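Engineer: Chain order of the listed sequences is F and V.
The first sequence begins at 49 in this note's numbering and counts up one residue at a time.
The second sequence begins at 112 in this note's numbering and counts up one residue at a time.
No wet-lab data here; the hints were simulated from the structure.
On a predicted model such as this, the values are computed, not experimentally measured, just so you know.
Beta carbons: idealized from backbone N, C-alpha and C, even for Gly.
Careful: at least some of the hints might be erroneous.
Claimed, not checked - Over 10 angstroms on every C-beta distance to chain V, these chain F residues come out as not near it, computed from the model: (1) 314; (2) 315; (3) 386; (4) 434.
Stated by the list, open to error - If you want a taste of the chain V side facing chain F, the calculated C-beta under 10 angstroms gives, among others: (5) 427; (6) 431; (7) 478; (8) 615.
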Amino acid sequence: MSKLLILIVIILGAVAIALLMRTYELGKKLSNRKEEEISEKDNNLASKLFILFMIAFFGSFIYLMITYGRCLPPAASEHGKAIDWLLDINFIIIITVFFLTNTLLFVFARVYRRKKGVKAYYYPHNNKLEMIWTVVPAVVLAFIIIFGLKTWNDITSASPKEAIHVELFSEQFKWTARYSGDDNVLGGHDYKLTTDQNQLGLVTTATLDSAIRLMEYGTDDGSVLGIKLMEQKLNDKNLMMIPKDREKLETDLDRKTRLLRLLYQMKGRHDASKDKFAYDDVIETDTLHLIVNKNYEMTFRAKDVIHSAYFPHFRVQMNTVPGLTTRFKFKPVYTTAEMRKIKKDDNFNYVLMCNKICGSAHYKMKMMVVVQTQEEFDTWMKTKKTFGSTFLVQEKGTDTSSDPLTSGKPIEVADTIVLINK
Amino acid sequence: MAAITHDAHNHHDSHGHDHHEEGFVSKYIFSYDHKMISKQYLITAVVMGLVAMLLSILFRIQLAWPGESSDFLSFFLGETWAPNGILKENMYLGLVTIHGTIMVFFLLTGGLSGTFSNLLIPLQIGARDMASGFMNMLSYWMFFVSSVIMLASLFIETGPAMSGWTVYPPLSALPQAVEGSGLGMTLWLISMVLFVASSLLGGINYMVTVINLRTKGMKMSRLPLSVWAFFITAVLGLLSFPVLVSAVLLLIMDKALGTSFYLSDIIVNGEMLENHGGSPILYQHLFWFLGHPEVYIVLLPSLGISSEVIATNSRKPIFGYKAMIGSIMAIGFLSFIVWAHHMFVTGMNPFLGSVFVFTTLLIAIPSAVKVFNYLTTLWKGSIIFTPAMTFSIGMVSSFITGGVTGIILADSALDINVHDTYFVVAHFHVVMGLSAVFGMFAGVYHWFPKMFGKMMNTRLGYVHFWITIVGAYGVFLPMHFVGLAGAPRRYYDYSVYNEFDQGAFNLIFDLNKVITVFAIIAALGQLVFLFNFFYSIFRGPKAPQNPWRANSLEWTTPVEHMHGNWPGELPEVHRWSYDYSKPGADEDFIPQTVPLKEGEEEH
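Isolated chain F (complex conformation) (with noise of 0.2 angstroms):
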């Protein structure tokens, strides 16, 4: 109904507009005006609507500018603080050439119009002048560009020695964060690993058997098929399968094969003494701990398409790339309860967003960021349980000798064991 009515408003304007139109077409013909001819109150009127769009605009920047200027808070970073001077500076040079020649924009807009008995003048060109309009924006532009490369270096080379070390392992649509424990080492990782247990990847004998293991032989409760039960239920001759199950059970087969291949290259080369980098970190899923005052060498992976860490309060963004290990040195220089302080604003939190379109709920995807003091953070720090622990745990409360398949093939994960209660 709603529609209908829609429709039939819009008929009626139409109309309407002919019919304005139609006496317009004979109120032109009467005054014998022609469009080719501007005349000159519309000429006149024209250009002092320039002067009135430019006050308004101008009328407008300037509030913005108040107003919304100064949103983001003062930066809670060391290169922040840099990143933050910079962008002042820029400002103040780009808003003196908008101000500057958008004024003479308009303003010759409304004093060169057209007057009766004045001819415009005839100067095609001038080589002092563009000199100096190709030399002055160039010096300018230098100034500009060896102040940001400067910055830019600063922010890019490599992290200072003590810098702590955590990675920020990104997917649809969260954000997880993995703390290198007290060696500061972070352990490897490869995708290939990933298993329900092993969310990131990590590589350690332990996981390597794991996800061996879990190519072969599927779940327990059969939620993931193993290569030796898709084997077996291709070759059961009782068993019906529509022909296009069948092949998706045979690709799928296919897959898993090459990839329980590359597995048993990987654990042929696997160096046992690493497993130690891996066991000690920190995996933490809810909110990011920092210490304020402290380097810190950020390291990014992503687990499926491109997302973007971006923590706006610290002027910090990188994108993460799967395949790749993107990086990013900060030092936090507020803590969470500092910047309340200066925002006025108990309830503010830092945050890490994600600012890469990565799907539906791309919009959703943060995580809260907490700057603490040490003794603060090592509070924390103590109730977190390291991911040899609970991998291990978890991984032994498996009861494998149930299944028919995998019986007679347990892990072995006593020596590992031994390792981290060393």
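Keeping the supplied structure of chain F fixed, place chain V upon it in accordance with the hints.
Structural biologist: For chain V alone, kept in the frame of chain F given last:
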């Protein structure tokens, strides 16, 4: 070949009286005539632009009133994509993607180059037609088919492409990651391949025509700046569009054949993919190798058109003609070595980033030269505010406004915090959504008499201009501040801010409302244009031969369109096209066909 066509035309013209009537199909549909093809381009682009504008209003409604039921949304999107009048998250991304794609490629590339290169190159250089009429026709029809495919992708069950107009893989390669990356993405890719083929056919034609078919006396140094701009634009397109095809081709292979050009180490929806060794960054390099010249493919024709309109209506020669040509060439050249400034935070080597900072900021120099030359052209002019002139002045204003924020974004250190925020969106909309579109409108108002032999209504033109400039700045000026507040683009809503910064949430929310209201006003303003445009085609007053008292050659052709453009001999050119208000002349303009007087110096 060109010479043969030439002769054929001459022959044809001399027997003009007994030539047969053309059929409807060969005159209006599969026409070889550049003037008709240009009209076909313009009208197709206007329709595409309207669709893209409507899409933007749909998602702006969601941004201003998130989660609120809207009859408008349910009217256009129905229960599938807007159940109960609330936009679906996936469709939001789809709308954003198709809006961007259509605007950049179909409206601004097809609509500007397609329309004005086709119309003006032969007319302004004094040629009978394009070098190859057949290729020209092919170019339009590929553009048309590609438009249809792009529009069709809006209506399929899984929705259109949903990974942003840049369609970065892996998101665009994996239907498991977002449903639009299935059939929707495939259609997007097919449409783009056809589009590129179309613009290559067009571009080759433009270049060959400019180089070979100039009339007697039309030296390169006498060409109007519009032709120079179209020429360099065609060169840019020819060199950069094929790279987009290669990027797209590899993406198609990754999607369909299981190759790993862009994919590596991915687990999506619980499925472990085998792809290893590809790089998503490679796609970005290839895409932006087109993507950045593309910005100038869009902008240069606008600058060229504005140069013509500003000189004609200031009644002055364009200031610094040679410097203007130099700037166009410098911008064209530099546009090829700046692409990675879109990639400062992708994980690309930071040293590479610094090189691109340097090259990118260099573009500001020729751009500044252009702006100052425009200003000096206005200085001491005798300005007539035709609707085309008002749009050209608006064009210069937005070129400045959009240009200066580019300096912030080109500075890699500053880009870190504004990358992919609304600041970027505001920046490129001021450059492309305002500047390029203003240039296009200026062109339509200025050359409408040449295209259709009728005059558009001037006063409706004024109304259209003022609504558009107020509406457009009303949208994009506040948008800069949304970006500076750190609001990421392509967010369905900003509810996450509730959890950590109420102040920022309120700011974004308020400004988004303001932006949407202005967007709706600006959109309604375009209805004035549409009405004026179509009404004038049929009922506008008949145009005189040279309504704006301009110098360039197109105004020496008869108002009624004819094959071969000029009856009888082609005109001979004796001067540049900017002899306005030349001292010693009787009138304030001297057409290019008028020989130099005794003792008169060329500019």
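Engineer: None of the hints should be skipped; say for each whether it holds.
Structural biologist: Do the hints match the structure? See the list:
no.	hint	verdict
1	314	12 angstroms, holds
2	315	17 angstroms, holds
3	386	15 angstroms, holds
4	434	24 angstroms, holds
5	427	5 angstroms, holds
6	431	5 angstroms, holds
7	478	9 angstroms, holds
8	615	6 angstroms, holds
The structure meets every hint from the earlier list without exception.
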